[in-house]
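Protein chains: 2
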Amino acid sequence: MLLCDIGNSSYHFLDGENAFKESVSTFNPTSVTKKVYFISVNAAVSKRVASLENWIDLAAFVDKKKYYETMGIDRIVAAMAIENGVIVDAGSAITVDVVKNGVFCGGFIYAGVKAMQKTYANISPALAYSFNFECDLDIMPKNSQDAISYGYLKTLYLEVMSHNLPIILTGGDASKFKRIFKDAKIDDQLIFNSMKKIINEDGLC
Amino acid sequence: MLLCDIGNSSYHFLDGENAFKESVSTFNPTSVTKKVYFISVNAAVSKRVASLENWIDLAAFVDKKKYYETMGIDRIVAAMAIENGVIVDAGSAITVDVVKNGVFCGGFIYAGVKAMQKTYANISPALAYSFNFECDLDIMPKNSQDAISYGYLKTLYLEVMSHNLPIILTGGDASKFKRIFKDAKIDDQLIFNSMKKIINEDGLC
Chain A
1 MLLCDIGNSS
11 YHFLDGENAF
21 KESVSTFNPT
31 SVTKKVYFIS
41 VNAAVSKRVA
51 SLENWIDLAA
61 FVDKKKYYET
71 MGIDRIVAAM
81 AIENGVIVDA
91 GSAITVDVVK
101 NGVFCGGFIY
111 AGVKAMQKTY
121 ANISPALAYS
131 FNFECDLDIM
141 PKNSQDAISY
151 GYLKTLYLEV
161 MSHNLPIILT
171 GGDASKFKRI
181 FKDAKIDDQL
191 IFNSMKKIIN
201 EDGLC
Chain B
1 MLLCDIGNSS
11 YHFLDGENAF
21 KESVSTFNPT
31 SVTKKVYFIS
41 VNAAVSKRVA
51 SLENWIDLAA
61 FVDKKKYYET
71 MGIDRIVAAM
81 AIENGVIVDA
91 GSAITVDVVK
101 NGVFCGGFIY
111 AGVKAMQKTY
121 ANISPALAYS
131 FNFECDLDIM
141 PKNSQDAISY
151 GYLKTLYLEV
161 MSHNLPIILT
171 GGDASKFKRI
181 FKDAKIDDQL
191 IFNSMKKIIN
201 EDGLC
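Line order of the protein sequences matches chains A and B. No gaps in the numbering here: position 201 of the first sequence is 201 in our numbering, and each next residue is one more. No gaps in the numbering here: position 1 of the second sequence is 1 in our numbering, and each next residue is one more.
A portion of the hints provided could be inaccurate.
Which copy is meant is left open, so a pair is good if it fits within one copy or across any two.
Pairs of lysine-lysine, BS3-like flavour, derived with a Cα cap of 27 angstroms [as the list claims (entries may be wrong)]:
no. : residue 1 : residue 2
1   : Lys64     : Lys142
2   : Lys100    : Lys114
3   : Lys178    : Lys66
4   : Lys142    : Lys21
5   : Lys114    : Lys142
6   : Lys197    : Lys64
7   : Lys21     : Lys47
By construction, these hints were calculated from the structure, which means they are not laboratory data.
With the hints as extra help, turn the sequences into a complete structure.
Below, the structure is given as structure tokens:
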């Protein structure tokens, strides 16, 4: 049995203890012969795997009424995993979702690290820096690299901290954001664990 | 006499009371015969006008030591205009600069409206919305348009408000941000007024 969380840019697989990624642009889902339980926010890939018998969409087993119509299934499945907290899922987009006493309170979408660096570089070649995750967010910046790093990170930091809830970091850039959210817990398996719970509760295997 | 604030995407002119913009990609600076006092953050345009005798760069008359080396001259000139406040200059980039008792305390750079909408649309076609500036920033969003609007606006809002200083909005998107920063003052002429002050103080005309 394989688990797969399909995002905008990659297939994120879990095979037993082994997690690995494949690029959406190059990976061929028909190459998998095992049964795959998946969730997908990628409409093109969803369409592609819909006709494959061994690809089982877990979205069909989720009570979406507690969330909102166009909310990504990855955010829903992550939110189902916790009772209280702010989930920061840092991938090509960063989704921030708040759960209190097991109830989803809403969430927002921020741009991911790569997308945002590209945005600054496109605005001006003078802003073509990598973000400095060691930037001191307690003082106003006085150089260009920190000025974009602070602009991207401090703004997100203040919103996330304003909820006064435990912070759970997941997604490919979780470890980068741990440098900003120092008390946060990194949980690489948040979505996969929630997917396993759905499979078990619905007696799918 | 003309004033001109040259940004990443446009020449912003002031001719007496009349302000107008020309596109960086199409406007020919040799077509101007009057004397032009300008500032520029656009390296390509700076190079182009450097050889034109009637284009006078006001950057040469600014004490840059009080700021930082790679800080855009538009931000410096805007900061010179106030004693206390947060300047939010909303153009293709949004610069946020803090001045206390006439001293520049630092600042940061955020992505402009157009650039950021493009960023979200590039991350996923499901996020290709315009921002909703009427979005209620006091509640967590439960639809996709508000999820990106809140992600872009609430984060910026919290940082800007955290300084507890008067807010001055300028730049092409100032009126959009007035809907978020309800107590802010819009000052379209902030940079031009500061340029005039430099011209007068240095006896340039």
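Going through the hints against the structure:
Only between protomers do Lys64 and Lys142 lie at most 27 angstroms apart by alpha-carbon distance; the minimum there is 12 angstroms, versus 46 angstroms within a single protomer. Neither within a single protomer nor between protomers do Lys100 and Lys114 lie at most 27 angstroms apart by alpha-carbon distance, with minima of 30 angstroms and 34 angstroms respectively. Proximity of Lys178 and Lys66 under a CA criterion of 27 angstroms is satisfied in neither setting, with 29 angstroms inside one chain copy and 34 angstroms between copies. In the homo-oligomer, the alpha carbons of Lys142 and Lys21 never lie at most 27 angstroms apart, since the shortest distance is 38 angstroms inside one protomer and 30 angstroms across protomers.
Taking the closest pair of Cα atoms, Lys114 and Lys142 come within 27 angstroms of each other both inside a single copy (23 angstroms) and across two copies (26 angstroms). For the identical chains of this complex, Lys197 and Lys64 are intra-copy neighbours only, at 16 angstroms inside a copy versus 60 angstroms across copies, given an alpha-carbon limit of 27 angstroms. Taking the shortest Cα distances, Lys21 and Lys47 sit within 27 angstroms of each other inside one copy (20 angstroms), while across copies they are farther apart (46 angstroms).
Hints 2, 3 and 4, counting from the list given before, are not met by this structure.
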